[in-house]
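Be aware that the sequence shown starts at 1, since it is given in full-length UniProt numbering, and climbs by one per residue.
Rather than coming from a laboratory, the hints here were simulated on the basis of the structure. One should not assume that every hint holds.
Using 25 Å as the maximum straight-line C-alpha spacing, the simulated SDA-like pairs for lysine to any residue come out as follows [stated by the list, open to error]:
id, residue 1, residue 2
1, K136, I57
2, K94, K73
3, K126, K73
4, K94, V59
5, K73, P129
6, K73, K136
Here are the simulated distance ranges between beta carbons [unchecked claim]:
id, residue 1, residue 2, range
7, T127, A58, 15 to 21 Å
8, A81, K126, 34 to 40 Å
9, T11, A34, 28 to 34 Å
10, K136, F28, 27 to 33 Å
11, R49, D70, 22 to 28 Å
12, R21, E90, 18 to 24 Å
13, R108, A8, 31 to 37 Å
As the structure is a prediction and not an experimental result, all values here were calculated from the model. Every residue gets a Cβ at the ideal spot worked out from N, C-alpha and C, and that includes glycine.
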Amino acid sequence: MALVDNEATGTRFHSTRINLRWSDFDQFQHANNAAYLEFSQDARIEFVREIVTEIDIAVPAFVVRWASIDFRKSLSSSEVAVVVESFMYEVGEKSFKMRQIIRNAQHRVVAVVDTVNVAVDIMSGKTRPWSESDLKIINMFMIPVEDEDSSPEAEAKKDDDADTGL
């Protein structure tokens with residue numbers, strides 16, 4: 001578990017190891033699709049915990065509003081753990097987008113999880129705009145991402161390059 005400096009942007013990202021459990025796998029000994037979301041959630045919780053303890057700052061309350069997973073390579077039951085790298089890549093008035101890159105033991109990307117997270121007022125349970133202090137914290141972990149080519153040809157290439165493990 002570590003907050004890692006990103007030399008290109010002068011910001012940081014979070015990296016944590018998640019041990020795989022027997023229950024993460026299906027009858028074909030491949031990680032269940034839902035397990036990737038759990039890896040993402042576990043890493044996000046550890047990310048927040050580490051900001052609070054290592055940097056000693058209060059993290060603004062937020063909840064996941066939307067999630068998307070791009071499955072790149074399958075994980076088999078022979079894997080012991082994954083590494084999840086987490087960072088923010090876009091911020092709005094009441095939300096930020098987080099990207100989490102899940103890697104196997106060979107450091108190959110097996111999935112990319114994107115989430116939209118919204119600020120909430122704990123007392124009312126309603127969304128709220130980010131404060132200036134919230135934005136300072138978010139911007140500490142902001143790393144821009146390049147837009148991916150979503151043309152039919154690019155999507156077909158992704159499908160051809162996918163490793164289902166079957």
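Here's how the hints hold up against the structure:
For the hint linking K136 to I57, the alpha-carbon distance of about 11 Å falls within 25 Å, and the restraint holds. Taken as a hint, the K94 and K73 pair is broken in the structure, with Cα atoms around 33 Å apart against an allowance of 25 Å. Using a Cα cut-off of 25 Å, the hinted pair K126 and K73 is violated, with the two alpha carbons roughly 38 Å apart. The straight-line distance between the Cα atoms of K94 and V59 is roughly 14 Å, inside the 25 Å bound, and the hint therefore holds.
In summary, the hint linking K73 to P129 is not supported, as the alpha carbons are separated by about 37 Å, beyond the 25 Å threshold. Note on K73 and K136: the hinted pairing is violated, with a Cα-Cα distance of about 35 Å set against a maximum of 25 Å. Between T127 and A58 the beta carbon distance is about 18 Å. The supplied range of 15 to 21 Å therefore holds. Under the hint 34 to 40 Å, the C-beta atoms of A81 and K126, about 38 Å apart, fit the expected range.
The given range of 28 to 34 Å is respected by T11 and A34, whose C-beta atoms sit roughly 30 Å from each other. K136 and F28 have their C-beta atoms about 46 Å apart, which leaves the hinted 27 to 33 Å range violated. For R49 and D70, the hinted distance range of 22 to 28 Å is satisfied, since their beta carbons lie about 26 Å from each other. Checked against the hint of 18 to 24 Å, the pair R21 and E90 fails, with Cβ atoms roughly 32 Å apart.
At roughly 21 Å, the beta-carbon separation of R108 and A8 lies outside the given 31 to 37 Å, and the hint is violated.
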